[in-house]
Structure formats: structure tokens, C-alpha cells
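Engineer: Sequence:
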Amino acid sequence: MANQVSDETIESLRQANDVVDVVGEYVQLKKQGRNYFGLCPFHSENTPSFSVNQDKQIYHCFGCGKGGNVITFIMEMEGYSFQQAIQHLAEKSGQSIPEIKESFNEKVNTEEQTVLDAYQWLVKLYHHLLRHSKDGKQALQYLYDRGFSDEAIDLFQIGYSPTSKDFIVQFLSNKGFHKQIMANAGLLNATNDGNYYDRFQGRVIFPIRNHLGKAVGFVGRTVSDQEPKYLNSPESSLFKKSKLLYNFDLARSEIRKKGEVVLFEGSADVISAHQAGVTNGVASLGTSLTESHASLLRRYVDTVLICYDGDNAGLNATYKAIQLLKKTGCTVKVAALPYKYDPDQYIQEYGKNKFQEQVIDAADTEMVFLMKYLKKNFNLKLEGDRLQYVERVIEEIASLESSIERDHYLRALSEEFNLTYDALSQELNARLLNGKKNDDNRAMFGNTNGGNQPQYIPKSANVLSPAYQNAERRLLAFMLQNGQIAEKVKETIGSRFNLEQHQIIVTHLYGYYEEGNPPDPSHFISYLNDASLQQTVVELSMMDYSWEMSEKELQDYIHLIQSEQTDKERINQLQRKMKQLEKTDPKEAAKIAMEIIQIKQQSKNGS
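Here my numbering = 1-based position in the sequence shown + 47.
Because the hints were derived from the structure by calculation, they are not lab data. Where a beta carbon is used, it is the ideal one built from N, C-alpha and C, also for glycine. Don't take each hint at face value.
List time: in silico EDC-like cross-link candidates among lysine to aspartate or glutamate, alpha-carbon distance up to 20 Å [unchecked claim]:
#1 Lys212 to Asp240
#2 Lys537 to Glu442
#3 Lys399 to Glu301
#4 Lys535 to Glu598
#5 Lys367 to Glu301
#6 Lys226 to Glu158
#7 Lys171 to Asp213
#8 Lys78 to Asp349
#9 Lys226 to Asp164
#10 Lys399 to Glu198
#11 Lys184 to Asp164
#12 Lys77 to Glu301
#13 Lys419 to Asp454
#14 Lys181 to Asp192
#15 Lys422 to Glu442
#16 Lys423 to Glu438
#17 Lys374 to Glu448
Label pairs and their computed distance ranges (CB to CB) [to be verified]:
#18 Glu125 to Arg178: 45 to 53 Å
#19 Asp296 to Asn231: 18 to 26 Å
#20 His175 to Ser53: 35 to 43 Å
#21 His175 to Arg439: 19 to 27 Å
#22 Ser449 to Arg178: 47 to 55 Å
#23 Asn93 to Val67: 18 to 26 Å
#24 Asn481 to Asn93: 38 to 46 Å
#25 Lys387 to Lys77: 39 to 47 Å
#26 Lys77 to Asn529: 37 to 45 Å
#27 Asp296 to Lys599: 54 to 62 Å
#28 Lys181 to Leu202: 18 to 26 Å
#29 His90 to Glu448: 17 to 25 Å
Turn these sequences into a full structure, and let the hints guide you.
Structural biologist: Written out as C-alpha cells, the structure reads:
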């Protein structure tokens with residue numbers, strides 16, 4: 048193969064990395080029948096159309112058509128080359144394979160990889176300076192005063208950058224890192240006269256890691272009076288605040304286990320909550336929650352518990368986060384903190400038990416929060432404001448999918464404002480009916496969002512294919528699962544399929560079986576370098592057959608395929624004859640044209 052890695056190595060890695068386990072680290076999967084289903088990580092959707100088959104070790108999205116095995120999945124998700132995906136899976140499964148290391152180390156060391164390496168070195172250095180340097184004692188005491196334990200400091204790799212301007216510059220230079228590249232990455236700052244100095248000097252350092260656990264940025268918190276109080280790494284190809292969540296790499300397994308994620312505003316809240324036993328917490332990085340954040344969380348969990356600060360800014364941020372999370376289909380809960388308290392302060396003052404019991408466990412539903420939140424916009428002592436508030440709440444109730452929930456909150460509204468349930472119910476039903484009309488209009492006239500939202504149409508929804516094409520697809524599907532059928536087809540029609548894509552696949556498949564390989568679509572995919580061919584193989588392999596074929600069924604498929612070839616040859620002959628007669632005998636040429644149409648129609652119908 049052209050991948051410079053042996054088939055034996057690829058197969059070893061594929062078997063050591065179960066596709067359900069690997070995909071499950073990126074997507075919340077639920078078993079339905081023989082397959083696992085979840086939200087597709089490759090396109091935006093609210094209804095799961097992404098399927099993973101453990102027996103065949105393949106995945107396929109019935110929405111966007113993406114499919115493959117564990118290697119192609121890692122390539123797609125991480126943007127890796129084949130070599131990088133192999134290296135990743137080798138490290139993940141704890142395998143040490145010399146040929147991978149040798150080929151992987153030969154690759155050009157890109158600037159991005161250089162920056163990643165520099166981050167890893169600085170994480171270790173900053174942490175060492177916090178723990179063991181005289182300069183770091185003040186920073187360490189600051190963390191102790193904030194209630195951070197030694198275990199948390201080590202787990203989150205918190206560090207300290209010294210006040211010296213050139214200490215870090217010299218350290219990076221000694222490790223072989225180019226100063227300008229480090230400045231471009233935001234690890235160093237450069238002056239107009241060409242001097243360099245540490246960007247984060249005199250600050251406590253909180254490393255920001257990506258989902259793979261690799262540091263890609265820093266947040267520096269001053270321990271003196273320097274401004275700003277917090278300093279982030281600048282935006283880069285590695286450090287994108289709109290897509291990164293603090294602590295996601297450490298919390299991911301706990302998030303999957305609990306089926307719930309707790310969303311905080313800052314890294315200090317995450318660390319304090321972790322010490323209090325809330326180990327499924329993450330935070331956005333000094334920015335509001337984004338659509339990318341919401342989509343990422345939805346792939347992993349159904350429920351998001353928001354635990355933002357209890358001040359007005361925190362309440363406003365909570366409201367905005369709810370709107371984003373609801374769009375992705377998340378169930379949202381909201382932890383109610385006392386006014387002006389943040390999670391870290393609450394834990395320091397009341398302790399971890401009260402935080403767990405009275406904040407996390409006692410979280411409100413999104414509707415209870417919204418009913419409280421909306422009141423701040425109205426003077427409920429005034430009748431006009433009360434009516435406007437009630438109408439606004441009914442608007443939110445109408446957005447709930449559960450009729451039981453709608454009824455529950457409508458009754459609560461009726462009791463609170465002494466309004467008849469029937470009157471509120473009529474208003475709600477009118478809104479629901481109006482919403483249904485809008486949905487029907489969108490369905491009738493198509494997407495009205497200006498064409499920005501991609502529409503994914505499964506292949507099964509396309510116009511019916513001609514009979515010979517269906518025969519080729521079904522026959523190929525059986526050949527992928529049964530080497531004996533493949534051998535029979537090889538003896539009769541070989542690679543003379545009608546569609547070029549099928550010809551290429553079947554040629555590779557014969558070679559695959561000739562090498563003594565067993566029927567295994569996931570393994571066979573590794574023999575195909577073209578993504579469209581891989582996706583076709585996956586699609587065929589996901590067909591729900593019993594995988595038993597009678598001799599008559601086999602011969603019928605072969606006959607349909609061969610008939611199409613015969614028809615094509617006959618049509619070519621007639622077309623040549625028709626061309627000759629067009630000038631000398633138009634009537635006879637017209638008869639031949641009708642005959643060609645009849646042959647094509649019969650071929651399409653499988654006659």
C-alpha cells in the first residue's frame with residue numbers, strides 16, 4: 048500500500064481500537080438494535096442519523112453520507128493525515144510499533160507542531176517554578192488562600208511565570224525554539240527594537256488544553272497590581288476560544304458517565320467545583336457560550352446544567368446560553384446561586400456539601416429560571432406589565448415540546464396571577480397553532496434562511512435507480528460479506544460492472560480476497576485511498592440484509608448486469624446505424640430512435 052505502513056500494522060491498530068469506543072469519545076452513542084446511534088459530528092443535526100456498527104467496525108451517517116472505519120474517523124475528526132491517525136491510535140492503544148515511529152518521525156516538523164512542543168515544555172517549567180522556586184512562593188500562597196489544594200494544583204498543572212523578562216526567552220532558545228515563531232504564537236512578546244520577553248511574566252498560569260489533553264494556550268492571573276488582571280493567549284489556529292472549553296479533556300469521561308455536564312463561567316469555578324466533588328464541569332474561556340460550544344456539548348450529553356455567577360451579568364449570560372443550548376436539542380437546568388455569589392465564593396463560604404445539595408442537586412428547570420428571569424423586565428405591580436409578562440411566559444411555554452410540561456407551567460402561571468386556566472390555555476393553543484402554520488409554510492416553500500443552512504438528503508430519498516444499478520449495489524453488498532459469492536462473481540463477470548465506481552471497488556475486493564483476507568468491510572476500507580469509494584463501501588455494508596443469497600438470486604443479479612452491457616452494445620450499434628440513415632432515410636432513422644428508447648426503458652425497468 049502507498050501508506051508506508053504494513054497491512055499487518057494497520058489491522059493490529061484497527062483491532063486494538065474498537066470503533067464504538069473511539070467514536071464514543073466524540074459522540075454520545077445509544078444502542079438501538081444491532082447499531083449504535085448518535086448526533087453526527089460532521090454536520091449539524093438535532094435528530095440522530097449517525098450509525099456505528101460494532102460487528103463490522105464501521106460508521107455511517109444517513110444524513111450527510113460520511114462513513115468509514117476507526118482510522119478514517121480519526122482523520123476526519125482531527126484533520127489528521129493517514130500517518131498521524133495511525134500514530135494517534137498507536138499511542139491510544141499503548142502500542143509501540145517501530146515502523147510507525149520511524150515513518151512518523153520523518154515528517155516535516157511544522158510550525159504548529161513546534162508551538163505545541165513549546166507549550167508542553169512551558170507547562171512543565173511553569174509548574175516546576177510554582178512548586179520549587181523562591182519567586183513562585185507568593186503565587187503558591189495565593190492559590191492556597193483561594194482554597195486550591197496541592198492535588199488540584201498538580202492535576203490542573205497550574206504554574207507560575209517569573210517576573211524576569213528574559214528567563215523564559217532564554218529557556219525556549221536553549222530548547223531550540225525560534226523567538227519569532229514563539230512571538231507569533233503569543234508565548235513571547237516582541238518590542239519594536241527586536242527584543243523579546245515573556246508575555247505572562249509575574250502571573251499564575253492556568254494551562255488550556257484541547258480535547259486531546261495537549262496545552263494550546265494559557266490564562267495568566269496576576270498576583271500583584273499589574274493590569275489586566277487576566278491575560279489570555281492570543282487567538283491562533285490552535286487556540287480558538289469559541290471552540291475550546293476549559294477542563295473538557297479531564298471531565299469528558301465523567302460527563303459521559305453521568306450523562307450531564309456542568310457549565311461554569313471561569314477556570315477557578317471549575318477547579319473549586321472539582322475539589323467539591325463536581326468532576327463533570329467545564330467553562331468557556333472568557334467569552335460567552337458559542338454555537339460551537341453548544342454543539343460540542345450536545346454530541347456528548349442530553350443535559351447541560353448551567354452554573355453561572357449570581358449577579359445580573361451572570362443571569363443575562365445564563366439566558367443567552369439557554370437559547371443556544373435549546374437550539375441544539377439540549378435539556379437545560381440552571382443552578383440558582385445567591386445574588387452576587389460565584390460558585391468559587393459559595394464553596395469557600397458554605398462548603399462542598401451545601402454546594403452539592405443546595406446548588407447542583409437543587410437546580411431549576413430552564414422554564415422555572417426563565418419565569419424568574421423575565422420578571423426583572425416588568426413592574427408586576429402594574430396591571431399592564433403583569434399582562435405583558437404573562438404573554439411573554441406563555442410564549443416560552445409554547446416552545447416546550449412536552450404537553451405535560453406545558454400544562455404544568457400553565458397551571459403554575461394561573462395560580463400565581465389568579466387567572467383562569469382556560470383563558471391561558473386558549474392563548475397557548477393559539478400560539479401553538481400559529482407556530483404549526485409557520486412550520487407548514489416552511490415545509491411547503493422550502494428553507495427560508497437564505498440558503499445558508501445546508502440541506503442533507505439521504506441517498507435513499509433520491510430518485511429510484513435503474514434495475515441494473517440496484518443489482519450491482521446489492522451484489523457488491525453481498526460480496527463484501529461473503530468471499531464465496533465474490534469468487535462466483537469473479538468467475539462469471541469479473542470486474543465488468545457497468546458503473547465505473549463499482550468496477551474499481553470490485554477489482555480491489557478481488558485483490559483483497561486473493562491475499563487471504565476474511566470478509567471485513569472495515570479492514571477492506573484500508574485498501575481504498577479514495578474517500579468516495581470508502582463511503583460507498585460503508586453504505587453498502589450498512590444495508591440491513593440477512594447476508595444469505597440463493598443461487599437463483601445470484602444468477603438474477605448477474606443476468607441484470609450482463610443484460611445492461613448487451614443493451615449498451617445494441618444501443619451503440621443502432622445509434623451508428625441511425626446516424627447513417629438520418630440524411631438518406633429519415634423515416635427509418637426515426638424507427639430506430641424509437642427502438643433505442645424502448646431498449647432503454649426496458650433496461651430501466653429491469654425487463
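Engineer: Determine for every hint whether it applies to the structure shown.
Structural biologist: Now for the hints, and whether the structure bears them out:
no.	hint	result
1	Lys212 to Asp240	holds (15 Å)
2	Lys537 to Glu442	violated (64 Å)
3	Lys399 to Glu301	holds (18 Å)
4	Lys535 to Glu598	holds (10 Å)
5	Lys367 to Glu301	violated (26 Å)
6	Lys226 to Glu158	holds (12 Å)
7	Lys171 to Asp213	holds (18 Å)
8	Lys78 to Asp349	holds (15 Å)
9	Lys226 to Asp164	holds (14 Å)
10	Lys399 to Glu198	holds (16 Å)
11	Lys184 to Asp164	violated (27 Å)
12	Lys77 to Glu301	holds (17 Å)
13	Lys419 to Asp454	holds (18 Å)
14	Lys181 to Asp192	holds (18 Å)
15	Lys422 to Glu442	holds (14 Å)
16	Lys423 to Glu438	holds (15 Å)
17	Lys374 to Glu448	holds (12 Å)
18	Glu125 to Arg178: 45 to 53 Å	violated (32 Å)
19	Asp296 to Asn231: 18 to 26 Å	holds (25 Å)
20	His175 to Ser53: 35 to 43 Å	holds (41 Å)
21	His175 to Arg439: 19 to 27 Å	violated (55 Å)
22	Ser449 to Arg178: 47 to 55 Å	holds (52 Å)
23	Asn93 to Val67: 18 to 26 Å	holds (22 Å)
24	Asn481 to Asn93: 38 to 46 Å	violated (22 Å)
25	Lys387 to Lys77: 39 to 47 Å	holds (41 Å)
26	Lys77 to Asn529: 37 to 45 Å	violated (30 Å)
27	Asp296 to Lys599: 54 to 62 Å	holds (56 Å)
28	Lys181 to Leu202: 18 to 26 Å	holds (24 Å)
29	His90 to Glu448: 17 to 25 Å	holds (22 Å)
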